[in-house]
Amino acid sequence: MSVNTAMIEKYRNDFLKEVEENVEEGHWVKMCMQCGVCSGSCPFGPHWEHPPQEIFMMIRAGKRDEVLGSESMWMCTSCYNCIVRCPRELPITHIMHGLANYAHRLGLAPKMNPTRRFAKIFWDNIAKTGRVNELGLSLNLYFMDGFGSGVKKATAMAGVGVGMLRTKRLNPFALVRHKGVQNPKEFQSLLKKAKEVEDRRKGLAG
Amino acid sequence: MAKKEYSFYPGCSSERKASASNYMVSVYAMCEKLDIQLNEIPDWNCCSASIGYAEGGELPRHVMNARNIALSEQSNSGQDIVATCAACWLGAKETADRLDASEQLLADTKEVLREAGLDVHLKNETPIRHMVEVLIEDIGYEGIAQPMQKSLEGIKFAGYVGCQTNRPFGVAGESFENPVYLDKMVETVGGEAISDYEKKVTCCGGALAFSEPEKSQKQIKEIIEAAYDQGAEMIVTPCPVCQMNVEVYQNQINKHYGTKFHMPVTYYSQLLTVAYGGSAKEAGLDGNIVRAKKLEEIASK
Amino acid sequence: MSETKTAMYICNGCGLGDRLDTDSLGKLAQSEGKCTIVRQHDFLCNRDGVDTIRRDIDDDGVTHVVIAACSRRAKTEAFGFDDVALGRANLREGVIWVRPDTEEARETTQEMAEDYVRMACAEIRYMQRPEGNPNTGDNKRILVVGGGVSGMAAAVEASKAGYEVLLVEKSGELGGWAARLYKRVPNREPFSDPQDTGVEDLVKTVEHDKNITVFLSSVITRTSGAPGQFSVDISAESGTTSTENVGSIIQASGFSNFDAARLPELGFGASADVVDQAGLELLAGKAGDGPITRPSDGKEVASVVFVQCAGQRSDKPGHLPYCSGHCCNTSIKQAMYFKDTNPDVDTLLLYSDLRTPGNGEDFYRSAQRKGVTFTKGQVREVQTANGALVVKFRDMILDDDAEARADLVVLATGQVPNSGIDIEPAAAEDENEGSGVDAASNNNAAVEVPLESVLNLDYRQGPDLPHLRHGFNDSHFICFPYETRRSGIYTCGPVRRPMDIAQALEDATGAALKAIQAVENASLGRAAHPRSGDLSFPSFRKEGCTQCKRCTVECPFGAIDEDEQRYPVFNESRCRRCGTCMGACPVRVIYFESYSVDTVGQQVKAVQMPDETEEKPRFLVLACENDAYPALDMAAQQGLQYSPFVRVVPVRCLGSVNTIWVTDALNSGYDGVMLMGCKKGDEYQCHFVKGSEMAHYRMSKIDDTLQQLQLEVERVETYEVEITDIQRAPKLIDDYVNRVNEIGMNPFKGF
Amino acid sequence: MTDAVATNETILVVGGGISGLTAALETAECGKNVILIEKNPSVGGRVSQLYKYFPKLCRPSCGQEINYRRLKANKRVRVLTMAEVVNIKGAAGDYTVGVSIRPRYVNENCTSCGACAEVVSAEIDDPFNYNMKKIKAAYLPHNMAYPQRYVLDPSIVGPEEGERAKAACKYDAIELDMQEQALELKAGAIIWATGWKPYDAAKIQPYGYDRFPNVVTSVEFERMMDPFGPTGGRMLRPSDGKEARNIAFIQCAGSRDRNHLKHCSRICCMATLKQSTYLQEQYGDDSEAQATIYYIDIRAIDRFEDFYKKVQADPKVRFVKSKVANITEDRDTHDVFLHGVNTEGYHRYDNTHDLCVLAVGMEPSVRAEQINGNVAGDASGFIEMHEANGAIFGAGCASNALDVNRAVQSATAAALRAIQVVNRVAGAEV
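So the sequences go chain by chain: U, W, H and C.
Going left to right, the first sequence walks through residues 0 to 205 as numbering that gives the first Met the number 0 numbers them.
Going left to right, the second sequence walks through residues 0 to 300 as numbering that gives the first Met the number 0 numbers them.
Going left to right, the third sequence walks through residues 0 to 750 as numbering that gives the first Met the number 0 numbers them.
Going left to right, the fourth sequence walks through residues 0 to 429 as numbering that gives the first Met the number 0 numbers them.
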């Protein structure tokens, strides 16, 4: 039984309770008074299928699939404009990240969403050595859809690459070896342990 | 001035040959002139920035930041932690707040860190600050002016504070909508600041410049266009992500929108280093893809 | 009448001495004005000037004083002589400040001043210093009608000030609606949880208060008399009636719940699980700290929907057009009953505007913290088929048609005032053409409470207090919430306007203050608001009265009753001294000591009428003392000017303008008469309610007599003027003067 | 002037706005002695700065005229202007209140003839008009000022302008050597009616009140309507003085907001509905004028609903259920752009207006805890009834965000509470 169906069984009809249990800062969702400031403050606002305010209302109205399957939360650039202006002091940025993480964990988030895929590439990149391998990150991003499209994208960005190389802000050797923390192995086990503790806490194990 | 010591958290982009290495060059040069000693946190790790949320989840990200704090408390105890990149500053500060607010989270974090032999009290006693806070609060504008040897007179700057350096913590006493400290810093070193720069605190797209290039580049275009409209010759910013996003995509934006942007994007630390008599190299001006010629001229005088 | 001695004091200060020939004014006062003493002074309002007047009164037996200087509204601290009859000739704001300081204007300015001196002397001759109404009562007990929280609070607060109180309650016990609440909305920091109503303690306090006598199961069958001397018949269910004397009355008759049976579309009546807020309070009371159960099958309620503005804010027939103010907070409180016992109960509140003003915002946030869900929704229907309740509504936020299943639906219905019988159905007629509610059942349109009077006033104009829109007995004025139209009787609580407990307690304390004030002033013969403290009172020459009853009908405050021979009975303590009766009396037999047909009529005649060859027309302006006259004062203060041919006389109210003044003016050669009063109509501004309206009505009757005298109707005009019409008032005068000048002089001039 | 005789049967009223005036008059008309102290040179308070009242659209000065007539006719009330409470000692029934009176530099001889103003050229910001206008440094506070006496601004006392004013006065009403005065007053009970002040709109950074000229507050907009106000009675854009015809009203500007005022100030919705009728009054049926009201909930409570329906029927007024996210400006035309999302259906808007009015909330002028250390107050600083307050009773907007009708109710109730204390003190059993 996948994690997702487990969730549905457990929270029969109350999606809000499910969010409060499993989503970062989810207990704040009920505090929204639908004033519209967050939706209006978001720099990427026009690109949200459902602005944050609507997502909160949809959660209360139990629209689980539309919310968890939506592209909206992935449009968040973490610019904190909504948090500082929200009259109810909801930590909206964190809730959006929490919802995206939860949808991602349940496998309900849109498969081809570029930010979701880039975020995974980013995490795997830093988990490997404890620090960002910038070159590795860019290449993995360009080639995530296979070799052909990767070459096309890489050549399109060649100008930027050359500029960075010229100004010594790109380390070609990183392709071969990237030094992060002294003991990457221990660092990776640290993250693995952290994930286990969190899953146990949130009953998401299995 | 008495020597000031800080526990320094450089962040991934500041490493040698990384995308913000020239930021580091100018920061070190600036600090040297201001008698600030930066003791790098040994074996620091990435703060997972904000984009790490999707795969990382809550606790792993907090553990990463907690590890840095623990390392700092261990080897640089008593020193404020200073970050030059907004994402690192935010990551560490948010973790410190969250751990302080939730016993559960603190206990879980300690349990995990104990595995790496790191015991940590993490009672949010170590202040976590941004470099601009240190400059304004500890050094002060007179302090900033003190080591000046050359004025940046004749250059008009658009002070682009961006988002995470300004929100949700920002600098004490500064408004989220209209922070003025960057403009004051520019004026302190003789430059001319556009105080009502329209896109002062608008987000450049951050990490989504990678995953949603068209949407971010539309933002970046407006940020640069507003600078031109208001007569700026250069943009100055405190954030490595803003610097890279606003600088490196200018050609692509020109191709896409038919604009003719050629706007240099500098760091406040570069301005100060030049003002303190530092050479173009010491100010990391050689790292600017769009050359800041006027600044280089002053540096070479 | 005791020996009267009149003195005139003419000030030369503020430019009067330079602009006017004050010596000739003095001679005029002696000759024509018949003043025995006439003095001039360079600075009348300073210490020396005031002492001069004081000496004349104390040492020379002066009884009537005229001060020819500035407006009666200015320098009142200096000229506050209340032991003489006092008149003011407004030479500064009325003459020199409104005329240019030029050579050509000198003559007409001097004529203006002379006329105002003549008019002041004429007025003072017919004025008496008000001695104060002799027919006073000094009963200081206070009657409170209604034993709910409003009535009890009023009684307790009055008693705390040392006054005896009679508290009459129709039902068998004190407490009213508040006693049936399980808990109340909090009125104290942090405003986060329902609070005990505190009604039991209030009831105990009332029962143990030695100053308060309680009459349960009793109603008022008859009220008569006046402030300080009311006689009230209190009839108990047992049939016994006791007559009590009281000084003032507080009506706290509260409200009835809107009859939710009028909302079939919301399922009320079709399912026992659709209740109104009162119904939910009973369920909560029964459940105590335990879970609330469904009336139909006793099942624990797992989901509840609150429908706000049920039958309210709606123009449908039988619904309430207003909002009752408390129901959003009440629904939040009731939602907390569920959440506090079991956080898993789904509580949904559908509102159109969530109205939780002031600290209610903390209460709203606290409800959200407890998990109550709010959305803006228009409820179309509550389906009750086969036991399951389905609320069909338009979700205005998600912009789609939605439905919510619920074990229980609570309708937030409104409050209907128990305001007794509507004594002015005619007036109510035009008020609610819009809402299609027939006049007769106007105030009780929404509830089938049998029409019975609350106070059974033995008054000529009807048994209860007049109603405002929607049947509430409220003051029509914003700055004076306790200005009712029956002196000595004050309403408080939801009978006045929809309100919650917190405001009802505050309102009751205010009404108690006013009731105490009424008894204190009644015993001294002083008038109540708005002419607070006025000692003059109405009297009439009975021999001249033709019992036409116009005064008893038109008195805005129902102060005049009729005796067996249908002569008017003036109940001086009920009178607000507005003079509307004096204005109505066709035979001019009604007068006040300091304000009578003569005190104004003689002023009209005192003006020296130039004959038609001199091209100096004369116009009489009768200006309301509270709006038009201050507007002209402030116009003068701002240096605005108007025609030198007008003579302005301040009147207490346009309602007190007797048509004889107008006909006398026209007969004695005035070219026109201009009346300036307050705004009339729905949003009337006249503090004597109908003064301005009646003036317009009476002046329309004048047109017939004008036509008989072949005089043009344009000569007499009535205007609505606001106190802020500082620029408009002078312009009104000049336009009117020019218009009448085009018509030409009054043919009767010189007869 | 200040031989104020006061005993512990006197009631002290602090604040001469409509609540203070009402409390003083109602108490005096019950036969008690009252001292009313007012910080400004004239009584009248905030209501005297209003053009009209909701819902009747009647004039505040009409009610004031009646109250001033009651005040002038009642010897039991003594008014001390330019006076403020410095400290309060003692307890219920026996207070000693330290009062300091700022110099007015004009004594009781003043006949308000205006001669001094004519010779003075120095100007000051006019506080009555929220500093939107200049007035002479020798001035009568406003048309309905009571006491009707001129005031000299301290800035011209010393320089020769003051001497010139003194010379011009024929009634030697000007005393340039007047000093600040300290006074000790006895009082049996204190009615605290210091009222409210509008929330500082500059703190609402997203709306740029401190950066954009055409963003004004509701109280400033109200002053524009007064013919004797800063714009001669016309709605003008501060940027270019042109007529404002497309006006935005933003509700809850700094209210219901944990970053600003936590509470709802109850009156801002009705104030905006009232102000939306000013378009009709000024531009007649010219359909081009348009008011757009951005709101969260229109709180036209109880019988105000009739007024809300009337405004809804006005084609010139549009309602948008949304709290504006932020305002930007066209740097050339100074038109303002309002950005936000309409909650009903989540439609994004970037609306242009030529003037934006912020319906700001109420803050207590003096917070409860500032009064004398132990007066109980709620989190917003309004006075809360509590035994610990002794015989210090909050009245009007010092006790809560109230409209005029409720403020007067509260003042009348406070009057009775004060009388109860004084009657106990006097042992006067009626």
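Derived from the structure by calculation, the hints contain no laboratory data.
Even for Gly, the Cβ is constructed at its ideal location relative to N, Cα and C.
Any given hint could turn out to be false.
Capping the alpha-carbon separation at 20 Å, the derived lysine to aspartate or glutamate pairs in EDC-like fashion look like this [said to hold, decoys possible]:
hint : chain 1 : residue 1 : chain 2 : residue 2
1    : H       : K338      : H       : D400
2    : C       : K71       : H       : E624
3    : U       : K62       : C       : D124
4    : U       : K194      : U       : D144
5    : W       : K217      : U       : E48
6    : U       : K62       : H       : D400
7    : W       : K280      : W       : E296
8    : W       : K292      : W       : E191
Derived contacts from chain C toward chain H, CB cut-off under 7 Å, selection only [unchecked claim]:
hint : residue
9    : A72
10   : A91
11   : A116
12   : E117
13   : Y277
14   : E280
15   : Y282
16   : D284
17   : F306
18   : N422
Going down the list of hints, with the structure as the test:
| no. | hint | verdict |
| --- | --- | --- |
| 1 | K338/H <-> D400/H | violated (27 Å) |
| 2 | K71/C <-> E624/H | holds (15 Å) |
| 3 | K62/U <-> D124/C | violated (57 Å) |
| 4 | K194/U <-> D144/U | violated (28 Å) |
| 5 | K217/W <-> E48/U | holds (18 Å) |
| 6 | K62/U <-> D400/H | holds (14 Å) |
| 7 | K280/W <-> E296/W | holds (12 Å) |
| 8 | K292/W <-> E191/W | holds (16 Å) |
| 9 | A72 | holds (5 Å) |
| 10 | A91 | violated (13 Å) |
| 11 | A116 | violated (12 Å) |
| 12 | E117 | violated (11 Å) |
| 13 | Y277 | violated (14 Å) |
| 14 | E280 | violated (12 Å) |
| 15 | Y282 | violated (19 Å) |
| 16 | D284 | violated (20 Å) |
| 17 | F306 | violated (10 Å) |
| 18 | N422 | holds (5 Å) |
The structure fails hints 1, 3, 4, 10, 11, 12, 13, 14, 15, 16, 17 (numbered hints given earlier, in ascending order).
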